[in-house]
Amino acid sequence: MENTKKIILKSSSSVKKIIQGKTSTASCVKSSDDIFHEHYYTYQYQLDIVTAIFNRIDKKTPFPIQLQSMCEQVMTHINTKVYGYKMQDKIKKRTIPDNFVDILDVIHLLKEAQSRCYYCNSELFVLYKNKQEMSQWTLDRIDNSIAHTTDNVVISCLQCNLKKGTKGKEAFLFTKQLSVTKRDTSEIEDVKNKDDMYHEKTSSSYDNDLIISDIEYSQDT
Numbered sequence: 001m002e003n004t005k006k007i008i009l010k011s012s013s014s015v016k017k018i019i020q021g022k023t024s025t026a027s028c029v030k031s032s033d034d035i036f037h038e039h040y041y042t043y044q045y046q047l048d049i050v051t052a053i054f055n056r057i058d059k060k061t062p063f064p065i066q067l068q069s070m071c072e073q074v075m076t077h078i079n080t081k082v083y084g085y086k087m088q089d090k091i092k093k094r095t096i097p098d099n100f101v102d103i104l105d106v107i108h109l110l111k112e113a114q115s116r117c118y119y120c121n122s123e124l125f126v127l128y129k130n131k132q133e134m135s136q137w138t139l140d141r142i143d144n145s146i147a148h149t150t151d152n153v154v155i156s157c158l159q160c161n162l163k164k165g166t167k168g169k170e171a172f173l174f175t176k177q178l179s180v181t182k183r184d185t186s187e188i189e190d191v192k193n194k195d196d197m198y199h200e201k202t203s204s205s206y207d208n209d210l211i212i213s214d215i216e217y218s219q220d221t
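Quick note on the numbering used here: the sequence shown kicks off at 1 and runs consecutively.
Hints were generated in silico from the structure; no laboratory data involved. Glycine included, each C-beta is placed from N, C-alpha and C at the ideal position. Any given hint could turn out to be false.
As the list claims (entries may be wrong) - No more than 27 angstroms apart at the CA atoms, straight line, and that leaves these computed lysine-lysine pairs for DSS-like:
hint, residue 1, residue 2
1, K90, K167
2, K81, K131
3, K163, K86
4, K86, K111
5, K81, K93
6, K93, K60
Said to hold, decoys possible - Okay, the calculated beta carbon distance ranges per label pair:
hint, residue 1, residue 2, range
7, Y41, T95, 31 to 41 angstroms
8, Q114, H39, 15 to 25 angstroms
9, I142, M87, 14 to 24 angstroms
10, K92, P62, 35 to 45 angstroms
11, I142, D98, 14 to 24 angstroms
12, P64, E38, 17 to 27 angstroms
Based on the provided sequences and hints, a complete structural model is requested.
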């Protein structure tokens with residue numbers, strides 16, 4: 001018989017503890033050895049999780065029963081990551097102001113961005129198997145000299161966060177958009193050439209199977 005994961009239902013007070021960072025990941029699932037079904041790692045499913053958490057926090061709407069355990073897992077993960085950002089800033093001796101980001105800010109940023117990277121617009125993931133997953137959500141600081149405050153961060157994939165480094169937000173955004181534009185132009189021209197080949201039949205090596213649009217968009221654009 002296939003193993004199934006037990007869902008632990010939590011009261012509203014338990015959810016409050018998660019928001020306040022007063023619970024551990026272990027309390028969200030029965031065992032840390034649980035392996036979630038593959039569909040949990042799809043963009044649409046995780047978008048539903050972000051929306052459910054947003055509605056729970058912003059509108060006091062209960063979690064859908066089928067998403068409850070996963071939502072709590074993700075909330076605890078976000079708290080842990082935010083705590084890591086705070087420790088990073090403290091180590092770098094950056095001032096920690098009252099408007100330092102918290103889980104509420106992260107959820108609002110994710111919801112507003114529809115879980116897409118500010119720079120490359122790729123899909124972001126709040127749940128992932130690999131700690132080095134390049135499509136995981138991160139907070140990128142606009143001004144690298146100050147802490148992760150509500151007015152100093154954007155939602156970014158790990159890949160763009162690492163590539164940006166100490167570059168300015170607008171300068172890096174421009175290079176990403178320029179890269180996408182160049183790629184789109186090249187691919188559109190390629191498709192046009194294939195279309196011309198089809199109609200004019202100017203190529204002696206003409207092959208019907210090659211007259212197709214092969215445009216692909218990858219997460220590293």
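Range hint 15 to 25 angstroms (beta carbons of Q114 and H39) holds or violated: Holds, at about 19 angstroms.
Quick check: does the Cβ-Cβ distance between Y41 and T95 fall within 31 to 41 angstroms? At 37 angstroms between Cβs, range holds.
Given the hint of 14 to 24 angstroms, is the C-beta distance from I142 to M87 inside that range or not? 20 angstroms, holds
K81 and K93 were given as a pair; does the straight-line alpha-carbon distance stay at or below 27 angstroms? 18 angstroms, holds
With the threshold set at 27 angstroms, check whether the alpha-carbon distance from K86 to K111 stays at or below it. 22 angstroms, holds
Against the range 35 to 45 angstroms, how does the distance between the Cβ atoms of K92 and P62 compare: consistent or not? 40 angstroms, holds
If you draw a straight line from the CA of K93 to the CA of K60, is it 27 angstroms or shorter? Violated, at roughly 37 angstroms.
Is the hinted pair K90 and K167 satisfied, with a Cα-Cα distance of at most 27 angstroms? 22 angstroms, holds
Agreement of K163 and K86 with the hint, judged by alpha carbon distance not exceeding 27 angstroms: Measuring from Cα to Cα gives roughly 22 angstroms; hence the hint holds.
14 to 24 angstroms as the expected CB spacing between D98 and I142, which holds or is violated: 18 angstroms, holds
Check whether the Cα positions of K81 and K131 lie no farther apart than 27 angstroms. With Cα atoms ~12 angstroms apart, K81 and K131 stay inside 27 angstroms; holds.
Is 17 to 27 angstroms right for how far apart the beta carbons of P64 and E38 are? 19 angstroms, holds
When the structure is compared with the earlier hints, a violation turns up for hint 6 alone.
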